[in-house]
Amino acid sequence: MSADKIPDSRIARHAVLGDLPVQKDVTIYFEGKPLKAREGEPIMAALVAAGVTVFRYTKKGSPRRMFCGIGRCTDCVMTVDGVPGVRTCVTEVRQGMRVERQQGVGSWSVQAEAGHAQ
Amino acid sequence: MRNDEKPAIVVGAGPAGLCAAIELKKAGAPVVLMDENAKPGGQLFKQIHKFFGSQEHKAGIRGFDIGKELLAESLRLGIDVRLKTEVVGIELGLKVWAVEDRTKSYTLDAGKLILATGATENALSFPGWTLPGVMTAGCAQTLINVHRVLPGKRILMVGSGNVGVIVAYQLMQAGAQVAAVIEALPRLGGYGVHTAKVRRAGVPFYCSTTIIRAEGAESVERAVIASIDAKFQPIPGTEQILDVDTICLAVGLTPSIELSCLAECKQIYIPELGGNMPAHDEYMRSSNQSVYVVGDIAGVEEASTAMEEGRLAGIHAAWAMGYMDDQTMKIKTDETRGRLQALRQGIFGQKRFAAKERILAMRKDA
Numbered sequence: 001m002s003a004d005k006i007p008d009s010r011i012a013r014h015a016v017l018g019d020l021p022v023q024k025d026v027t028i029y030f031e032g033k034p035l036k037a038r039e040g041e042p043i044m045a046a047l048v049a050a051g052v053t054v055f056r057y058t059k060k061g062s063p064r065r066m067f068c069g070i071g072r073c074t075d076c077v078m079t080v081d082g083v084p085g086v087r088t089c090v091t092e093v094r095q096g097m098r099v100e101r102q103q104g105v106g107s108w109s110v111q112a113e114a115g116h117a118q
Numbered sequence: 001m002r003n004d005e006k007p008a009i010v011v012g013a014g015p016a017g018l019c020a021a022i023e024l025k026k027a028g029a030p031v032v033l034m035d036e037n038a039k040p041g042g043q044l045f046k047q048i049h050k051f052f053g054s055q056e057h058k059a060g061i062r063g064f065d066i067g068k069e070l071l072a073e074s075l076r077l078g079i080d081v082r083l084k085t086e087v088v089g090i091e092l093g094l095k096v097w098a099v100e101d102r103t104k105s106y107t108l109d110a111g112k113l114i115l116a117t118g119a120t121e122n123a124l125s126f127p128g129w130t131l132p133g134v135m136t137a138g139c140a141q142t143l144i145n146v147h148r149v150l151p152g153k154r155i156l157m158v159g160s161g162n163v164g165v166i167v168a169y170q171l172m173q174a175g176a177q178v179a180a181v182i183e184a185l186p187r188l189g190g191y192g193v194h195t196a197k198v199r200r201a202g203v204p205f206y207c208s209t210t211i212i213r214a215e216g217a218e219s220v221e222r223a224v225i226a227s228i229d230a231k232f233q234p235i236p237g238t239e240q241i242l243d244v245d246t247i248c249l250a251v252g253l254t255p256s257i258e259l260s261c262l263a264e265c266k267q268i269y270i271p272e273l274g275g276n277m278p279a280h281d282e283y284m285r286s287s288n289q290s291v292y293v294v295g296d297i298a299g300v301e302e303a304s305t306a307m308e309e310g311r312l313a314g315i316h317a318a319w320a321m322g323y324m325d326d327q328t329m330k331i332k333t334d335e336t337r338g339r340l341q342a343l344r345q346g347i348f349g350q351k352r353f354a355a356k357e358r359i360l361a362m363r364k365d366a
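Protein sequences appear in the order of chains A and B.
Following the numbering used here, the numbering of the first sequence begins with 1 at its first residue and continues without gaps.
Following the numbering used here, the numbering of the second sequence begins with 1 at its first residue and continues without gaps.
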């Protein structure tokens, strides 16, 4: 296994699991930029596939990504469609979803506060 | 069937909860199975390795195939499975408070309650442990085997137990390089079969070694490891720098006991099975006689033992609710116990067997 053979972050082929199953694409927006995601996957997976290393900053400015990956630890929370504190490891992507890096505990968008978030 | 009857409510649709619900439903008892996730199966679907044990323990079958079998059986039996349903409260007497899809809240009376809530991976604190790129081994395993994405390219695995060596191997199968597996104890902790596969792939193992710190600006760029003495103190001058972008922590699991505390189940401390956990008797009943605890919440073991514990509770609950005669209950219980006993044999099972015996003894004293 040499360094120059390191694959893309999306695991296309797998000895046990076989080829990556065909799945419909959806587009999400990370910090305003369109990103391709696989329908049914959590936000975390789409961001990891796109090479995003920082999901949020604490109020002291310290970067965070994900830690447990199964909804227990809340390390991976981000602002999703204007709602802060959303666990991206257990929240599925949806067409048109807006995902932002959260600063500290984040803040609610006007639309989300009025109950208009998707 | 009595229409006004309260169902048995099973919380957690992993291997233990699924098996409990299957036994209840097979006996004809009303049962509702709740899980907070969008898909049932718990952690089975990230287990792509073959399980150990004998034929009847599904040995040689991969975890995700066992998951598929259990789901097919629960579907065939028509079990009421409620997904995206978080149980957030329990009232004694016995009522379950659930939140569905994070929007709809309701309560449901339970005839019996079976808690199969699993366990949570332990963290390890060291300078830099909050940096992006440090994650539990289970997190990496979920990413590669369920979501099919690689969290990093060069990995340091902290912990040489089964989780550590199995995930290290699976990370290589997914295309990553494993720079090293380190172990704080002077000896390796995992099954030889899994450990040997990683070693044969050329991965160095360092015993009596710990992680000193993780370094990097915005994410992990390197790890510093060092040898430790008999008192687990780092030995100066033994530091080594590893160029890695990901540090996986495989340092044990702790039972997820929150709901059992709400149900006022007596808690006991069994360090070799993960710490604090609800005490239980030989039918998996907690100190609250209407509440059963099965799988990792009742002591961290493996999916195979979790399934048998689930069956034990399902059988007993079905009998207690009047859906099984005494003799059938006894026969089924004995069969299940026999299989459990077999799973806890050998050098690796012995410690867990002894710990489980201690739990039963504690229940009798209580």
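Worth flagging that the hints you see were computed from the coordinates, not collected in a lab.
Take the hints with a grain of salt, since some may be wrong.
Claimed, not checked - Calculated lysine-lysine pairs in the DSSO-like style (CA-CA distance at most 27 Å, straight line):
(1) A:24 - B:84
(2) A:36 - B:153
(3) B:153 - B:50
(4) B:39 - A:36
(5) B:84 - B:26
(6) A:59 - A:33
To be verified - Per the computed footprint, the stretches of chain A lying under chain B, defined by three or more beta-carbons under 8 Å from a beta-carbon of chain B, are:
(7) 44-50
(8) 60-68
(9) 97-103
Glycine residues also receive a C-beta, built at the ideal position from the N, C-alpha and C atoms.
Checked hints:
Only pairs whose Cα atoms come within 27 Å are accepted, and residue 24 of chain A paired with residue 84 of chain B is accepted, the gap being roughly 22 Å. As the CA atoms of residue 36 of chain A and residue 153 of chain B are separated by approximately 21 Å, the hinted pair is consistent with the 27 Å bound. Restraint check: the Cα-Cα separation between residue 153 of chain B and residue 50 of chain B comes to about 25 Å, which is no more than 27 Å; the hinted pair holds. Note on residue 39 of chain B and residue 36 of chain A: the hinted pairing holds, with a Cα-Cα distance of about 23 Å set against a maximum of 27 Å.
In summary, the hint linking residue 84 of chain B to residue 26 of chain B is supported, as the alpha carbons are separated by about 24 Å, within the 27 Å threshold. At roughly 24 Å between alpha-carbon atoms, residue 59 of chain A and residue 33 of chain A fall within 27 Å of each other, so this suggested pair holds. Counting residues of the stretch 44-50 of chain A whose CB lies closer than 8 Å to any CB of chain B gives 4, which reaches the minimum of 3, so the coverage claim holds. Counting residues of the stretch 60-68 of chain A whose CB falls under 8 Å from any CB of chain B gives 7; the rule of at least 3 is met.
For the stretch 97-103 of chain A, the stated coverage by chain B is violated: 0 residues have a C-beta nearer than 8 Å to a C-beta of that chain, whereas at least 3 were required.
The structure shown violates just one earlier hint, number 9.
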